[in-house]
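One line per chain: the protein sequences are A and B, in this order.
FYI, this note's numbering numbers position 445 of the first sequence as 445, with every residue one higher than the one before it.
FYI, this note's numbering numbers position 168 of the second sequence as 168, with every residue one higher than the one before it.
Please note that the accuracy of each hint is not assured.
Which copy? The list can't say, so a pair holds if one copy fits it or any two copies do.
Taking lysine to aspartate or glutamate pairs in the EDC-like style, the calculated list, with each CA pair at most 16 angstroms apart, reads [to be verified]:
id	residue 1	residue 2
1	Lys422	Asp473
2	Lys4	Glu249
3	Lys130	Glu520
4	Lys385	Glu305
5	Lys352	Glu122
6	Lys130	Glu558
Simulated from the structure, these hints should not be mistaken for laboratory data.
There are 2 protein chains.
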Amino acid sequence: MRLKRTHQIGEITPKLIGEELSVSGWILRRRDHGGVIFLDLRDRTGLLQVVFEEGIDPEVHALADSLRIEYVITVKGVLRRRPPGMENPKIPTGEVELVAKDLEILNTSHTPPFPMDEDLSEVSEAIRLKYRYLEMRALNGQEPFIFRHKVNQALREFLNARGFLELETPYLTKSTPEGARDYLVPSRLYPGKFYALPQSPQLFKQIFMVAGFERYYQIVRCFRDEDLRADRQPEFTQLDLEMSFVTEEDVMQLVEELISHLFEKTMGISLSVPFPRLSYQYAISTYGTDRPDLRFGLELKDVSEIAKASQFQVFRSALEKGGFVKGIKVPAHFTRKEIEELTSFAQELGAKGLAWIKYTKRGTTFEEKWSSPIVKFFDPTLLNKMELLFELEEEKATLLFVADTPSLTHSILGELRNHLAKKLSLIPEREFKFTWVVDFPLFEYSEEEGRPVSVHHPFTHPKEEDLELLEKDPLKVRSKAYDIVLNGIEIGGGSIRIHRRDLQQRIFKILGISEEEAEEKFGFLLQALDFGAPPHGGLAFGLDRLIMLMLGKKSIREVIPFPKTQRGQCLLTGAPSEVRIEQILELHLLPGWEKKKEGS
Amino acid sequence: MRLKRTHQIGEITPKLIGEELSVSGWILRRRDHGGVIFLDLRDRTGLLQVVFEEGIDPEVHALADSLRIEYVITVKGVLRRRPPGMENPKIPTGEVELVAKDLEILNTSHTPPFPMDEDLSEVSEAIRLKYRYLEMRALNGQEPFIFRHKVNQALREFLNARGFLELETPYLTKSTPEGARDYLVPSRLYPGKFYALPQSPQLFKQIFMVAGFERYYQIVRCFRDEDLRADRQPEFTQLDLEMSFVTEEDVMQLVEELISHLFEKTMGISLSVPFPRLSYQYAISTYGTDRPDLRFGLELKDVSEIAKASQFQVFRSALEKGGFVKGIKVPAHFTRKEIEELTSFAQELGAKGLAWIKYTKRGTTFEEKWSSPIVKFFDPTLLNKMELLFELEEEKATLLFVADTPSLTHSILGELRNHLAKKLSLIPEREFKFTWVVDFPLFEYSEEEGRPVSVHHPFTHPKEEDLELLEKDPLKVRSKAYDIVLNGIEIGGGSIRIHRRDLQQRIFKILGISEEEAEEKFGFLLQALDFGAPPHGGLAFGLDRLIMLMLGKKSIREVIPFPKTQRGQCLLTGAPSEVRIEQILELHLLPGWEKKKEGS
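So here's chain A without its partners, still in its complex pose:
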């Protein structure tokens, strides 16, 4: 490098006019006017106009003439005010330009496969991931990652100040087949044995509490070999924290302060705390889901009482079978076609049908006010009750009903609620609505296993007041777990953990885990509980998802520098890939295809 950079572009202000400086960066655009060459040069910190005038050293001018977009250069020149009328108010350096005196080409560039100064959302993701370095270098491409850096900083700043210690946990650890599928790492020294990559540092952070660290955190990679439906990644990043001598409320309050600090520091948004605390039962019955989106209304109302008194056989028979009738009020009228679409939507979710009543406030006659094929089954008193129940004050509204088992009624109406909010644009832009969901059941019944399974994980502490129900009526026991939901998406969850061995063993027993099995899988944790484990609890956040939501991005792939595809491939490096047979043999492995080849 013959020329030495003196300034980053972000440091350049009109105060430097008249000074000689050198800047380095990439050429975003080039324009020629007569013999004058204009460049838009950019580095990480900004964009600067560079001018090669006709009068300069002919060698420098000739060199400048060879420049193409994305060439990497250093330019030495004198900063001057742009001629009047030539200012660009859109960029911070819009009042000035660098009049070049000397130029060094540090590297050339092929022509990029997509434009570097435009929105790339129309470019296929496969091309963008293959040329990820160009996508990131393109205008605004670095923003999500610079933002992510600030998120990390803000989180650490808060937690360090609160006495949390950043402590490391191993990545090569033991397979504990609970939850998702493990990624395995074959051991070379121990034939037939494997390490596993951690699904989370759960057991280690509990061990840290037993070790007396009291407050731990880590921004840590976790791994799950899941079928990659939706927006999942084989590896994802978690903010993991754990505290000793705390209650649920202590953890939730701390996390609220943490998130408030984060939003304040990175986006200048002040959130109002505390966040609502909805019981699991309330969330399900009011929003049809334990991940309610509170940015809009459309709450579910229980119309079972009214339905029971009606003549509508579909409703009555659902109720007789122990089901529910619930409805939501939508502030709009629908066309027949729209109603058909909504019905199909509900049917795809398992509904037998979708009942509806159109309501028009100004209607002077009964028929003008209430319109529906089912309205004839409801006498006016019942419709008055309906009017009160749904607080019908809108000019126009539609009531939509599902009558089914409790769980289907809730899940269908919950999905319908989200669907309608999007369809009717009821969701305010750039709003962040957090809520806690608490009082989860400790267990749910698994048809597959034929026994109760943990709703969260087997280390979750039951509510004290429900302890006596543990063996008698396990499905009634509530847990000290709490999930945190942002805009209808679960971004984190945690619980108070079991810190006494006797209680942990009772839980394993209910889960059908034998003492031998528990010993083999979790022996080290059980043993640690025998040596003065303090009460403790914590929480883990999905950082990728939180950052995605903060930035309003559509996929976590947009906020991970080198993400994998839905099929688990890295389009940049080509991982996973074939390896040399010696590597496989050293690990005492024969992959299936190799074995087949031998057998054939």
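Position chain B relative to chain A; hints supplied.
Here is chain B on its own, set in the frame of chain A:
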């Protein structure tokens, strides 16, 4: 938890005397005097004396009587000044004690397998690792990890302030069989294909530079499946950084400032910068190693000129074969037994023998001054030259000589130098001597491969002035690499990288890597170099090792919360372990033992 903790012990000062407070923690010691029970209670922040007097609620007293060491409790009481003469000046709370009024036992504890209030260095490492949580909870056991937390903080604080971005790289990536052996992760979706865990994020950080981030860092886990000689771990933590538009000197200066900041912030030590910059040639010829320990002298002197003029056949024949004669001066006399031991030490390193001359300054006769079986081969003029060369001013000294090939002479004397410094206690305690080693050769000749191989890695930039030697005389080419050495241990290294594809391809050619092979292994990097890669360079530190040296610990296992043994096992969890056959089959693998079983 019935009682709510109001204070951490570290917050308790005599200002709180007379106030009612509640503290939580573990019982380190218990003493009974008559009916009075004294506890030493501790939490992460300190140690406090708690007193249960005879007069208190008999139920509380009875409960206190059941307490054993390492029980976890909360105590409510009133803080008072200790009676005169009972103060303990060794602890910050030594003037006060908590007079208990109420007690809650949060958990009991088995008796720990080792004492919790003593130095544990006598306890076997296997026991300590199995009960790691107790070792960490024991007095001073948390210190290395609290220190490590502070190191992370100081490093990030500095780098954030300097515009470095913390950016994530993948852990499931592509196997690039350069350097050490990869840990492989079999893919379930792509039978016969594997991810690899990264040996370092080298290629990704270069991609970040191509992406225009300019300044990157990460505190990141790296993985090497090496034979675990010495003090290595399968996974270790690295501070990884990379910068664009920089020279070697820019990177070295930044790292010096970083390390100075780190030592200042975590230990209050101010280091003097710049650190010495020794050329590789100078380091080897003066210290016999490219990792010189500068805390003591004992430099190697070249006595070839003197040896050539002597009559000592061993020296002369080594010289005639193109070898060297070098010596070091040790400020001590040795017994015959000690000389024998030193000779064996040298012979184990490959020396044919170890020549020595004993020097006594006050000796009035020639024989009193110079004593050695070989002294007869040197005439007085030569011994005078020797006196000058070694600057012999000590009362007593011994010169030790090795005559062999250059590489053996250096390696033997280099090891001998370190050995003697320890043996003679020439190494000052708690001193930190950093040095850079620069001007490394780019290649070395590998007998095994029959061709030049990279001394660092194939992306290291050659010195500009040596570029013309690349094909003509590759072993003469020096690189833009720099290693940083602390107290004789390499703690980090880096280089300016190649940023032009043409140069990278020349290097691959010299390394015998065909275009196809380069394309397959590093294609994505080569392609990135075609699209405007800026000049860039960086460095990576072994954080475990640096922290170990800062704390004066003997093994990196002391500063890693859950380390593995030399044989790669985790004694806490039992990893690596067997897994269910279903897991193996899902990964399309059959481990060797399984195959054998089938075949039998």
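Give the relationship of Lys4 and Glu249 under a CA distance limit of 16 angstroms: within one copy only, between copies only, both, or neither.
-> between (56 angstroms within a copy, 13 angstroms between copies)
Since the copies are identical, ignore which copy is meant and state whether Lys352 and Glu122 lie within 16 angstroms (CA to CA) inside a copy, between copies, both or neither.
-> neither (39 angstroms within a copy, 72 angstroms between copies)
Checking Lys422 and Asp473: alpha-carbon separation at most 16 angstroms within a copy, between copies, both or neither?
-> neither (40 angstroms within a copy, 69 angstroms between copies)
Using 16 angstroms as the alpha carbon limit, work out where Lys130 and Glu520 are close: within a copy, between copies, both or neither.
-> For Lys130 and Glu520, only the inter-copy Cα distance (15 angstroms) is at most 16 angstroms; the intra-copy one is 44 angstroms.
Up to 16 angstroms between alpha-carbons, please classify Lys385 paired with Glu305: within, between, both or neither.
-> Within one copy, since 10 angstroms is at most 16 angstroms while 113 angstroms is not.
Intra/inter-copy verdict for Lys130 and Glu558 if alpha-carbon distance must be at most 16 angstroms | within (14 angstroms within a copy, 42 angstroms between copies)
In terms of the numbered hints stated before, the structure departs from hints 1, 5, listed from lowest to highest.
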